[in-house]
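Q: Residue numbers (my numbering), protein chains in the order written: chain A, 1 to 252; chain B, 1 to 252.
Calculated from the structure, these hints are not laboratory results.
None of these values were measured; they are calculated from a predicted model.
Watch out, some of these pointers could steer you wrong.
[Said to hold, decoys possible] Below, a list of computed lysine-lysine pairs in the DSS-like style, where the Cα atoms sit at most 25 Å apart:
| id | chain 1 | residue 1 | chain 2 | residue 2 |
| --- | --- | --- | --- | --- |
| 1 | A | K160 | B | K231 |
| 2 | A | K231 | B | K31 |
| 3 | A | K31 | B | K231 |
| 4 | A | K231 | B | K175 |
| 5 | B | K160 | A | K42 |
| 6 | A | K147 | B | K8 |
| 7 | A | K6 | A | K231 |
| 8 | A | K231 | B | K160 |
| 9 | A | K147 | B | K147 |
[Said to hold, decoys possible] Take a look, some chain A residues computed to stay more than 12 Å from chain B by CB distance:
| id | residue |
| --- | --- |
| 10 | L2 |
| 11 | I53 |
| 12 | D142 |
[Claimed, not checked] Just the calculated beta-carbon pair ranges, DEER-fashion:
| id | chain 1 | residue 1 | chain 2 | residue 2 | range |
| --- | --- | --- | --- | --- | --- |
| 13 | A | Q75 | B | Q177 | 50 to 56 Å |
| 14 | A | R94 | B | K71 | 25 to 31 Å |
| 15 | B | K71 | A | Q75 | 33 to 39 Å |
| 16 | B | N189 | A | S38 | 34 to 40 Å |
| 17 | B | N50 | A | S5 | 49 to 55 Å |
| 18 | B | D168 | A | S5 | 54 to 60 Å |
Just so it is clear, CB atoms sit at the ideal spot from N, CA and C, and this is done for glycine as well.
Residues per chain, in single letters:
Number of protein chains: 2
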Amino acid sequence: MLSKSKIKLIHSLNRKKDRDESGFFLVEGIKMVEEALSSVFKIEILVCTNKFIEQHPDIQFRVKEIIESDKESIQKASLLQNPQDALAIVSQTRNIRPELNLQNELVLALDFIQDPGNLGTILRIADWFGIQTVICSENTVDVYNPKVVQASMGAVFRVKTWYTNLGDFISKAAKDQTPVYGTFLEGKNIYNEALTSNGIIVLGNEGNGISPEVVTLISKKIYIPSFSFGKGSESLNVAIATAICCSEFRRR
Amino acid sequence: MLSKSKIKLIHSLNRKKDRDESGFFLVEGIKMVEEALSSVFKIEILVCTNKFIEQHPDIQFRVKEIIESDKESIQKASLLQNPQDALAIVSQTRNIRPELNLQNELVLALDFIQDPGNLGTILRIADWFGIQTVICSENTVDVYNPKVVQASMGAVFRVKTWYTNLGDFISKAAKDQTPVYGTFLEGKNIYNEALTSNGIIVLGNEGNGISPEVVTLISKKIYIPSFSFGKGSESLNVAIATAICCSEFRRR
């Protein structure tokens, strides 16, 4: 039975303030809940139908509390337009400084990404291209926003994120000769550049690009050329630019 | 003065049935209205602030009817959360069969793309990579859906779309030896393939991929390899896959 207070708790997880206070976040949908179950994240409460329980016989060992519920009740609790058979309240991992080896490793650094769909999609891209850590400026949208979680398609459980002062992080890395990449109109054609297998790729805000403080720290300005005839689009969406950059860095 | 009937007309453009009946679609936001103004599309009604009129002195020659309005009234009419100084009611171009030269030209073919954000983003990618025509299956989301228009960032005014029976279209092209590409798990690594400068790239539905009828018509199965360690994401978002394909076809 799904109590009113539990429904209230679930709804509260749509607000960052309430997520920060409880330390929880919301995961919705069968596939996403399955991703949570097979991850290292702690699952506090699982709300699901009897059918879901029957199909997942081992969940009792993985979940603190299981609330069996009919679809109608799940619908009341859900933030989705089309609720499914399961949703889970999951414990956030704390914002832990990741162990990085920037002499060997490639990371993404997000400078004020505002759109939850973009952040989720960027995590999914990072996951696909074997980028294990994404550094986020403190004003980047919260990774535990339900829309980020959904758009990430499970990547939120695998790719590490760390929210920090991006200028400080990058300037320290730059002192150790870590290459710092960013896309600029005056940058060099990414298709012709010798891209390193380590370093930081900085992605900027949807409207304003990379912030002035961070721009000064970019050592390798690159550019994704347009093949448009005449007047074409002025820019690519930040997630699209991320995908093309990651593809170029990884291909051989 | 923005009348109630005009507000009703604007709101009706959120529904495909009403768009089909009127032959109009809605364009919102300063930047997007400017894109419409500099396009070949006919602008029926422009609703905007006095400030917008002052900043665009030539619009009277470009627009059938201008309705000067305050921000509050625009807000009432707008479908956006954050309405801006201008919105426009624009005439759709009819679904005209484009003149294609598939011996020299690269086109995208969308097989039941459902999400408006994905279609808009795909148009923006096509525009960037100089792909002038996007063929859409009849069940692909309507290109004049306001969310498609917004996500396209103006590409909707430049890239031609044509809704048709995709199976018929591709099978005719295939008979003329046009290469037909599609991404499949068992496809060949896209980074190692000799990609042609002409042909059709088929992109499939968000959940189910390319439909069985169309799969049989694909002559070149390709694959974007994952670089994930261990268990990673199972797939890329369709717009992301489109971007990486277009980048690979265009780079030299």
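Q: Taking 25 Å as the top limit, are the C-alpha atoms of A/K147 and B/K8 close enough?
A: Violated, at roughly 31 Å.
Q: Please test the hint of 54 to 60 Å on the beta carbon pair from B/D168 and A/S5.
A: With a Cβ separation near 57 Å, B/D168 and A/S5 satisfy 54 to 60 Å, so the hint holds.
Q: Below or equal to 25 Å on CA atoms is what counts here, so check A/K6 against A/K231.
A: violated (53 Å)
Q: Does B/K160 lie within 25 Å of A/K231 when you go C-alpha to C-alpha?
A: It holds: about 14 Å lies between the C-alpha atoms, which stays within 25 Å.
Q: Could you say whether the range 50 to 56 Å given as a hint is met by the Cβ separation of A/Q75 and B/Q177?
A: holds (52 Å)
Q: Tell me if the straight-line CA distance from A/K147 to B/K147 falls inside 25 Å.
A: Holds. A/K147 to B/K147 sits at ~17 Å (cutoff 25 Å).
Q: Against the 25 Å threshold, does the CA-CA distance of B/K160 and A/K42 hold or violate the hint?
A: violated (49 Å)
Q: Within 25 Å, alpha carbon to alpha carbon, are A/K231 and B/K175?
A: Between A/K231 and B/K175 the Cα gap is close to 34 Å, so the pair fails against 25 Å, i.e. violated.
Q: Using the C-beta atoms of B/N189 and A/S38, is the stated range 34 to 40 Å upheld?
A: The hinted range 34 to 40 Å is violated for B/N189 and A/S38, with Cβ atoms some 28 Å apart.
Q: Given the hinted pair A/K231 and B/K31, is their alpha-carbon gap at most 25 Å?
A: Cα-Cα ~15 Å, so holds.
Q: Is the Cβ of A/I53 more than 12 Å away from each Cβ in chain B?
A: A/I53 clear of chain B: closest Cβ-Cβ about 24 Å, beyond 12 Å.
Q: Beyond 12 Å on every Cβ pair: is that true for A/L2 relative to chain B?
A: holds (28 Å)
Hint compliance for this structure: hints 4, 5, 6, 7, 14, 16 are broken, all remaining hints hold.
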